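Keeping the supplied structure of chain W fixed, place chain P upon it in accordance with the hints.
Number of protein chains: 2
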Amino acid sequence: MPSKAEIKSVAKLKQKKYRKESGLFVVEGIKLVNEIANNGLKVHKLFVTHQQAPHFKGHESVEKVTSAEMRQMSSMTTPPGLLAVVNLPEKIRSTSAKHILLVDAVSDPGNLGTLLRTADWFGIKTVILSENSTDAYNPKVVQASMGSLFRVKVVYADLVKTITELKTNGTAVLGAVLTGKNIYSYTFPERFALLLGSESHGIRPDLLSQCDEHITIPAFGNAESLNVAVSGAVILGEIKRQLTFKVQ
Amino acid sequence: MPSKAEIKSVAKLKQKKYRKESGLFVVEGIKLVNEIANNGLKVHKLFVTHQQAPHFKGHESVEKVTSAEMRQMSSMTTPPGLLAVVNLPEKIRSTSAKHILLVDAVSDPGNLGTLLRTADWFGIKTVILSENSTDAYNPKVVQASMGSLFRVKVVYADLVKTITELKTNGTAVLGAVLTGKNIYSYTFPERFALLLGSESHGIRPDLLSQCDEHITIPAFGNAESLNVAVSGAVILGEIKRQLTFKVQ
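Same order as they appear, the protein sequences are chains W and P. In terms of my numbering, the first sequence opens at residue 265 and continues consecutively. In terms of my numbering, the second sequence opens at residue 265 and continues consecutively.
No lab work stands behind these hints: they were computed from the structure. Heads up, a few of these hints could be off.
Where chains are identical, the list cannot tell them apart; a pair therefore holds if satisfied intra-copy or between any two copies.
[Said to hold, decoys possible] With a Cα cut of at most 25 Å, we get these calculated SDA-like pairs of lysine to any residue:
id : residue 1 : residue 2
1  : K362      : V307
2  : K295      : G466
3  : K278      : D372
4  : K362      : S397
5  : K295      : T443
6  : K404      : G466
7  : K404      : S371
8  : K281      : T341
9  : K362      : Y448
10 : K278      : P373
As the structure is a computational prediction, the values presented were derived from the model and not from experiment.
Just chain W, with the same shape it has in the complex (with noise of 0.2 Å):
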């Protein structure tokens, strides 16, 4: 039986300071544990509540939890009776990938995991966020990325630098803005990074400088703009169209 303190402990990793101090984060449900395994991550603790703990016989490291100590560590409105204590992953670097998305300063934790969940949908596997961004191990985010978190290579870091990097080796940096070029008509590079900007200002202008191209999903009614998660799957959704079926 775990301490309160452990109880208390895990309830801490609500929250990034704890996440940060203790290298740990938390994911919650059945489907979302048996992902973790897929990105190397490992399990550091796994807590059941009594009434599923039939389920998970055999299993010695699973430590059994009233549910009332479940709802203090979870971030569910309900929830499953199952959580896992996970390590964090090591700081990953990776401007190598052909196929990048970047994001500058997204906040809201249910965005960033619909971007990662439709990232992982088109094939993209790097996700670049700057280091100003939502904290992916937030657990609304774990959540609303529905595993991809798990299978998508999340890394932070300085935009600037990045995009640097990014042009020496060839990688052509497209920014999603209101004023650039039809995606529709543009033609897509083989090698790209597609830059999308934070739900309330945009692409910041150090940023915008430094793209390759401007594009714009054109717009046919009267809406100002769309959600960055909507955005980034038209565009996504338009890239893979044409560089997979070949026709423009």
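Just chain P, lined up with the frame of chain W:
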């Protein structure tokens, strides 16, 4: 100065039950309030905090409230200080538009708001929701739609009957599923209704069998599915590309 009972009755509009009873809903922030008239909707009452009041001099109908009263009425973490109580639109019935979005049992207000914003961007003027979908006049939908709620016709209807009507008037009903025709090789018809399913269960069987075609966004990676608003956006983008630029 509004009475305590009046403040309380506005606060109650966070609940669907009271919106239905009173025929009223709430819109917050100057940007959204300015858009209310786009839809022919009428502001029933306008409340402003003492701090924001100087910006609304000369508006006779504005009622001043304290910050505490505003917080009680507001659904936002940081109330913008301007809140309109608006008359719900009359029930609309509409299956005559050339391009329609149909949504079955969407439950997350954020997803519905994002879908309305996306429909608006891609010039879809009519969105028909199954009667068990989340209420479009829920404060979270109002805010997430970024004003698109006032530019897009939102109709609640029995989707089985709606699809039957659509088919008799020559509209092709296209269901978005995980195992249908590839949207990048399918030729979209000029007159269509795109049907999206619920976040967790997809399109229900009786609607699925009514569809003229099942279509799919091809997966390039390992995610199991896409967010409903993201799927809608990718498909609408491809439809508009084909119909506008007349290319396959």
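Hints versus structure:
In this homomeric assembly, K362 and V307 never come within 25 Å of each other (Cα to Cα): the closest approach is 31 Å inside a single copy and 52 Å across copies. For the homomeric pair K295 and G466, the shortest alpha-carbon distance between copies (18 Å) is at most 25 Å, but the shortest distance inside one copy (34 Å) is not. Taking identical chains as interchangeable, the C-alpha atoms of K278 and D372 lie at most 25 Å apart whether they share a chain (15 Å) or sit on different chains (23 Å). For the identical chains of this complex, K362 and S397 are intra-copy neighbours only, at 23 Å inside a copy versus 41 Å across copies, given an alpha-carbon limit of 25 Å.
Within a single copy, K295 and T443 get their C-alpha atoms only as close as 41 Å, which misses the 25 Å cut-off; across copies the closest is 22 Å, which meets it. Both within a single protomer and between protomers do K404 and G466 lie at most 25 Å apart by alpha-carbon distance, with minima of 22 Å and 22 Å respectively. Taking CA atoms no more than 25 Å apart as the test, K404 paired with S371 passes in both settings, with 12 Å inside one copy and 18 Å between copies. Taking identical chains as interchangeable, the C-alpha atoms of K281 and T341 lie at most 25 Å apart whether they share a chain (22 Å) or sit on different chains (22 Å).
Both within a single protomer and between protomers do K362 and Y448 lie at most 25 Å apart by alpha-carbon distance, with minima of 21 Å and 22 Å respectively. Both within a single protomer and between protomers do K278 and P373 lie at most 25 Å apart by alpha-carbon distance, with minima of 13 Å and 24 Å respectively.
Checked against the numbered hints above, the structure violates only hint 1.
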